[in-house]
Amino acid sequence: MSAKIVHPRLLLSASRLVSINRPSRIISSLTAHVSTRGLASVATADASPRVAAKPRIKTFEIYRWNPDTPQKKPEMVKYDLDLNQTGPMVLDALIRIKNEIDSTLTFRRSCREGICGSCAMNIDGVNTLACLCRISDESSGATKIYPLPHTYVVKDLIPDLTQFYKQYRSIKPYLQRKDPPTGKEVLQSIADRKKLDGLYECILCACCSTSCPSYWWNSAEYLGPAVLLQSYRWLADSRDQFKEERKQQLENEMSLYRCHTIMNCARTCPKGLNPGLAIAQIKKEMAFSG
Amino acid sequence: MPTTRKLTGLQRDVLSLYRACLRQARLKPVETRENFRQFARDEFRSHVDVDRKDFNTIEYLLRTGRRKLETYSSEGIRNIVR
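Sequence order for the protein chains is A and B. For reference, each letter of the first sequence is one residue, going 1 to 290 in the working numbering. For reference, each letter of the second sequence is one residue, going 1 to 82 in the working numbering.
These are calculated hints, taken from the structure and not from any lab test. Where is the CB? At the ideal position from N, CA and C, for every residue including glycine. Fair warning: there could be bad hints in the mix.
To give an idea of the chain A side of the interface with chain B (calculated C-beta under 8 Å), a few residues [what the hints assert, rightly or not]:
| id | residue |
| --- | --- |
| 1 | Asn66 |
| 2 | Pro70 |
| 3 | Tyr152 |
The calculated label-pair distances, taken between Cβ atoms and stated as ranges, are [said to hold, decoys possible]:
| id | chain 1 | residue 1 | chain 2 | residue 2 | range |
| --- | --- | --- | --- | --- | --- |
| 4 | A | Arg177 | B | Val48 | 52 to 58 Å |
| 5 | A | Pro213 | B | Arg5 | 38 to 44 Å |
| 6 | A | Ser289 | B | Arg5 | 56 to 62 Å |
| 7 | B | Ser46 | A | Asp80 | 35 to 41 Å |
| 8 | B | Val81 | A | Ser189 | 57 to 63 Å |
Starting from the given sequences, assemble the full structure and let the hints guide the process.
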């Protein structure tokens with residue numbers, strides 16, 4: 001494709017293109033803007049009154065359960081919100097509901113930008129982060145919000161992730177070396193660092209593990225896609241020297257081999273990672289060397 | 001506690017948790033032993049009205065009870081005050 005040489009004047013915006021040959025017009029229009037800007041704080045006579053936009057009411061059905069009254073069964077409670085006053089994401093809606101309608105609604109949240117993984121929950125059947133999930137249009141019916149599936153519930157939308165964290169700790173997610181420390185940085189080539197792309201970005205939100213049916217049925221022994229992704233992250237790290245021990249830890253029936261490539265994990269990851277692929281690569285490494 | 005009829009699995013779990021609490025109380029210093037025992041008794045008694053068939057609630061209470069027992073078993077905790 002040949003590069004086109006564009007005349008610099010054509011790069012100006014269309015509105016200014018008209019007055020290019022009449023510089024005086026530009027200056028006069030600029031001064032006009034300056035003069036009205038000075039009066040911006042005063043309501044001018046020609047300022048039209050704000051027309052109230054028609055309220056777009058959206059219903060949210062949210063799973064509620066209170067551990068202080070454990071005998072009362074969990075229930076779905078409906079909340080109505082005007083989408084015109086609410087931010088675009090489901091987390092904005094939850095915060096508004098908590099602030100304005102029902103302050104007993106309980107959920108985890110922190111960064112509001114999809115990097116901490118606190119607000120992981122099941123929205124309309126899909127495990128995502130509430131801060132990254134846009135509210136669907138008010139015409140598409142009520143949005144159903146549940147905590148992460150097949151987890152013990154601490155309260156309302158908060159799952160109990162202690163077992164998940166225990167499993168993460170069990171794979172020793174830190175660099176292990178046999179060489180004595182030299183005090184200098186452990187160097188890694190650019191190609192080796194590229195191998196970690198798609199693995200290190202995991203925020204441990206638990207969306208993938210709680211979407212895996214195999215993990216639902218065997219959560220005590222199967223490690224789950226999130227933990228196995230991190231396990232591969234340390235296996236693939238060229239700086240780590242305990243590769244054989246890490247592989248030996250997975251050499252049993254349950255920890256790794258309960259994965260049956262259901263691939264719900266890759267589908268639901270809110271960061272776009274692929275735990276299923278990482279698990280397949282672990283299986284390949286185990287097969288060719290183990 | 002039912003009559004001499006056979007205990008169900010769930011009832012046995014509840015009793016084993018109570019027994020574990022009392023055993024842990026025995027490992028605490030002598031002066032505060034009775035506090036731990038009384039705490040265990042109070043916690044179990046507060047939920048005496050839960051229906052025998054309400055498995056979800058009973059299992060939830062067992063889980064939280066076991067977690068509390070793990071926390072209070074640690075060496076550093078020498079007294080419990082209501």
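We went through each hint and held it up to the structure:
no.: 1; hint: Asn66; result: violated (12 Å)
no.: 2; hint: Pro70; result: holds (5 Å)
no.: 3; hint: Tyr152; result: holds (7 Å)
no.: 4; hint: Arg177(A) - Val48(B): 52 to 58 Å; result: holds (56 Å)
no.: 5; hint: Pro213(A) - Arg5(B): 38 to 44 Å; result: holds (39 Å)
no.: 6; hint: Ser289(A) - Arg5(B): 56 to 62 Å; result: holds (58 Å)
no.: 7; hint: Ser46(B) - Asp80(A): 35 to 41 Å; result: holds (37 Å)
no.: 8; hint: Val81(B) - Ser189(A): 57 to 63 Å; result: holds (60 Å)
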